[in-house]
Amino acid sequence: MDAIPYTVHERPDTGLFNAKLGIWLFLSAEVMLFGSLFSSYVLLRIGSPNWPQGASLLNIPLATLNTVVLIASSVTVVLAWASLRMKNLQRCKLYLGLTMLCAFIFLIVKYFEYSAKFAHGLFPATNNFLGIYFTLTGLHALHVAGGIVVMSYLIGPGSKMWRTDPERFTNRIEVAGLYWHFVDLVWIFLFPVLYLL
Amino acid sequence: MPFWRKYIFSTDHKIIGLQYGITGFIFLLLGFMMILLMRWQLAYPEQPLPVIGTWFGEDFMPGGIMTPDFYNQLGAMHGTIMVFLGIVPLVFAAFGNYLVPLQIGAPDMAFPKLNMVSYDLYFIGGVLMLCGFFVPGGAASSGWTSYPPLADIAPIGQTVWLIGMVFLINSSLLAAINFIATIFQLRAPGMTWMRLPFFVWAQLVTGFLLLLAFPPLEGASILQLLDRVAGTSFFLPSGLFVSGQPMNVAGGGSVLLWQHLFWFLGHPEVYVLILPAMGIVTEIIANNIRKPIWGYKTMVYSIVVLGFLSFIVWAHHMYLTNMGPAISVFFQATTMIISIPSVVILTALFISLWGASIRFNTAMLFALAFLPMFGIGGLTGLPLGLSAADIHLHDTYYVIGHFHYVVAPGTIFALFAGIYYWFPKITGRKMNEVLGHLHFWPSFVCMNFIFFPMLIQGLAGMSRRLYDGGSSYAINQPVLHWNVVISIAAFIMGAVQLVFIFNVIWSMFRGKRIHDDNPWKATTLEWACPSPPGHGNFLTPVAAYRGPYEYSVPGAGEDFTPQYQKQEK
Ligand code: HEM
Ligand SMILES: [Cu+2]
Chain C
1 MDAIPYTVHE RPDTGLFNAK LGIWLFLSAE VMLFGSLFSS YVLLRIGSPN WPQGASLLNI
61 PLATLNTVVL IASSVTVVLA WASLRMKNLQ RCKLYLGLTM LCAFIFLIVK YFEYSAKFAH
121 GLFPATNNFL GIYFTLTGLH ALHVAGGIVV MSYLIGPGSK MWRTDPERFT NRIEVAGLYW
181 HFVDLVWIFL FPVLYLL
Chain H
1 MPFWRKYIFS TDHKIIGLQY GITGFIFLLL GFMMILLMRW QLAYPEQPLP VIGTWFGEDF
61 MPGGIMTPDF YNQLGAMHGT IMVFLGIVPL VFAAFGNYLV PLQIGAPDMA FPKLNMVSYD
121 LYFIGGVLML CGFFVPGGAA SSGWTSYPPL ADIAPIGQTV WLIGMVFLIN SSLLAAINFI
181 ATIFQLRAPG MTWMRLPFFV WAQLVTGFLL LLAFPPLEGA SILQLLDRVA GTSFFLPSGL
241 FVSGQPMNVA GGGSVLLWQH LFWFLGHPEV YVLILPAMGI VTEIIANNIR KPIWGYKTMV
301 YSIVVLGFLS FIVWAHHMYL TNMGPAISVF FQATTMIISI PSVVILTALF ISLWGASIRF
361 NTAMLFALAF LPMFGIGGLT GLPLGLSAAD IHLHDTYYVI GHFHYVVAPG TIFALFAGIY
421 YWFPKITGRK MNEVLGHLHF WPSFVCMNFI FFPMLIQGLA GMSRRLYDGG SSYAINQPVL
481 HWNVVISIAA FIMGAVQLVF IFNVIWSMFR GKRIHDDNPW KATTLEWACP SPPGHGNFLT
541 PVAAYRGPYE YSVPGAGEDF TPQYQKQEK
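Line by line, the protein sequences give chains C and H. Take the first sequence: its letters are residues 1 to 197, numbered as in my numbering. Take the second sequence: its letters are residues 1 to 569, numbered as in my numbering.
The set of hints was computed from the structure by calculation and includes no laboratory data. Take these hints with a grain of salt, some might be off.
If you only want the chain C side, here are some residues facing chain H, beta carbon under 7 Å, derived [said to hold, decoys possible]:
1. T14
2. G15
3. F26
4. A29
5. M32
6. S40
7. I46
8. V78
9. L79
10. N128
11. G131
12. V150
A few chain C residues that don't get close to chain H, going by computed Cβ distances all over 12 Å [what the hints assert, rightly or not]:
13. I60
14. A82
15. L94
16. F191
Glycine included, C-beta positions come from ideal geometry on N, C-alpha and C.
Produce the complete structure using the sequences and hints provided.
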């Protein structure tokens, strides 16, 4: 007895392979992390006599652009997985590449947003709205960057697994995709809460 | 395999369990030595510490007398180290890593590499925490709870604390994911939910607590870190004055926000400290009473309910913060309700003893002592859960006495019990029983002389976290003499642990060899593999054919029927 069971195939009674359960658990912790920061946002806002309107300080068109970019990336990451299911590694890599491209665009746009704020003398320390704005979007941007790291691994050295263990590699793409959807979903919450409300 | 691959960067759950165990024990000892220093100061305020006093240098102990700052640092670090670097890694990660895969019949954890990473993060985080003592201004000194605004404006040691904390939280999160996935996915054939040993159930619930309660503290730590390094004011209210000077920050923050985020973790955390201990104790009691545990299923349901409820009681730590009576009443009610499942578990264990022919080995002595000690800890918690009583008791030594009864003679006794019990599994040798008794009885007596007087002092109104042990307050005079009693008991307690350390090392090489893989005649699966088990654990595929505690089954040839034994007919 050496190999760990259910790394590739589902366990019949739970209906999951190990990594899939692992990523769901990880994401539930992430929900609690962002949830706690959202709650902090609510508490700080309730306690503040003059909370600024997001739109008065932030750039809505840029954020809308970023929303579109991220949603597109969620589609491409699904297509990457679907391509692998159809045994087409090349197409999978193409879609993963597109996903990464979207991720980079998102970060570049964010960079311009941040620099514009700094140029106007708006820093995290300026007020609590900006403080929580930079915290939430910064943490989210770190998650985007984490996704880029994972995907470049899967396109690059990680893809060797396709030849030795194709099913497991397909699982990896699926799991990475689940993570990426979550990163997207967080932004879908961040956008209205910070920019519109 | 080269040494470093086998023992340092191992992915074998048993080696990682031992790494956690050894590291955790060293931290536990460090945290204990810190409190011993403090106990000298509390018993003999501002008298130079004999012999070793001058070793700490002029910054910390000029002339051998502890400075108030150093006292605060030691206090904060004692709490942090004990909770996050000692007990949690020991009860959850060390025991869990070693035993959970064995008890469910798995070859390893679900994610062995992740397992190694969690240990590494824990190690880095722990070392970082200790580095706090060497930065200007010393280590974190705002208590293990790090309440702002004090923690926001404390010297740089607090920043080190926060960064260390983020490492530790991530380590626990990875470990929790790994444990839950392992228990869900890698149970051997036939190991259904109601055949899981109670210890595994305890670990599963604990895993969920860590998974869901820790992230909010991570969020809070990030916010506090930003307050300190980026000048934000999440936890700094407007119009704050420090040393007579207005603080130059935007303000508008909320100190209570931290308390909510902290205790949202902090309360489940105390169950993280105690549930695995209950699991360990249950295993040992089940084995040494030689009859089935009374109410196994009830205990399982109780521990699951306990897990759920522990998320909605956190604000009982905050009655004095002006939350308003409506909220207080809610948390008071949930707190009273959560005591029910704990009482159920304890009662089930007590009833299990009824009419049993008990084997009194050292492991069992510690496990038995756990019951009344945890009982005192739990019962003294009830007045703290009632908001009216808590007004008097909050932040007194009563609180210190209460939770130490839970964690010190509670969890730590369970840890000792577990070590005596599973030592043959790990080394193939038994620990020395005579030394074991010499360890148990003085520890048991000292523990009570340390913590019971604290309850008395607290009821008399003595505050905690006082540098001079409360001697400058008139109200404390009638109970001041207890300080000396407590401290002497603590010093003796420290000395007695040397017996234990000696016993472990001696037994490792000279202890009585066991001739059978199952020296305690136990029923659970960890005894189905060789002692000590090799990489991959079981020599032949295992399966579970029956419940975990089938002792003295009528008609069976022996007084125990292991889970791996096939049903006849
Ligand atoms: C037998 C060993 C121990 C002794 C003698 C001891 C003693 C003490 C004392 C006297 C204090 C109060 C310090 C003060 O208020 O100034 C304290 C605080 C504390 N202890 Fe222990 N303790 C022991 C073991 C433990 C263990 C095993 C834990 C594990 C959870 C623990 C966790 C804490 C915590 C969280 C605090 C509060 C620290 C703070 O105020 O921030 N202690 N201990
Ligand atoms: Cu609590």
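Structure-based check of each hint:
Annotation: interface hint on T14/C holds; nearest CB of chain H at approximately 5 Å, less than 7 Å. Of the supplied interface hints, the one on G15/C is violated, with its beta-carbon coming no nearer than about 11 Å to a beta-carbon of chain H, more than 7 Å. Among the interface hints, the one on F26/C holds; its C-beta lies about 6 Å from the nearest C-beta in chain H, closer than the 7 Å criterion. For A29/C, the shortest C-beta to C-beta distance to chain H is roughly 5 Å, which falls under 7 Å, so the interface hint holds.
Look at M32/C: its Cβ gets to within about 4 Å of chain H, closer than 7 Å, so that hint holds up. Evaluation of the S40/C hint against chain H yields a held restraint, the C-beta minimum of about 6 Å falling below 7 Å. Hint status for I46/C relative to chain H: violated, with the closest Cβ pair at about 9 Å, above 7 Å. The restraint placing V78/C at the interface with chain H is violated, with a minimum CB-CB distance near 24 Å, outside the 7 Å limit.
Checking L79/C against chain H: minimum C-beta separation of about 28 Å lies over 7 Å; hint violated. About 5 Å separates the beta-carbon of N128/C from the nearest beta-carbon of chain H, less than 7 Å, and the hint is met. A distance limit of 7 Å between C-beta atoms decides the matter here; for G131/C the minimum to chain H is near 4 Å, and the interface restraint holds. Nearest Cβ of chain H to the Cβ of V150/C: about 14 Å, over the 7 Å cut. The hint is violated.
With a closest Cβ-Cβ approach of about 24 Å to chain H, I60/C is found to remain outside the 12 Å limit, as its non-interface label requires. A82/C, annotated as away from the interface, keeps every beta carbon of chain H farther than 12 Å; the closest lies near 26 Å. At the 12 Å boundary, the C-beta of L94/C stays outside the reach of chain H, the nearest C-beta of that chain being 29 Å off. Its beta-carbon lying about 19 Å from the closest one in chain H, F191/C satisfies the requirement of being farther than 12 Å from that chain.
Of the numbered hints listed earlier, those contradicted by the structure are 2, 7, 8, 9, 12.
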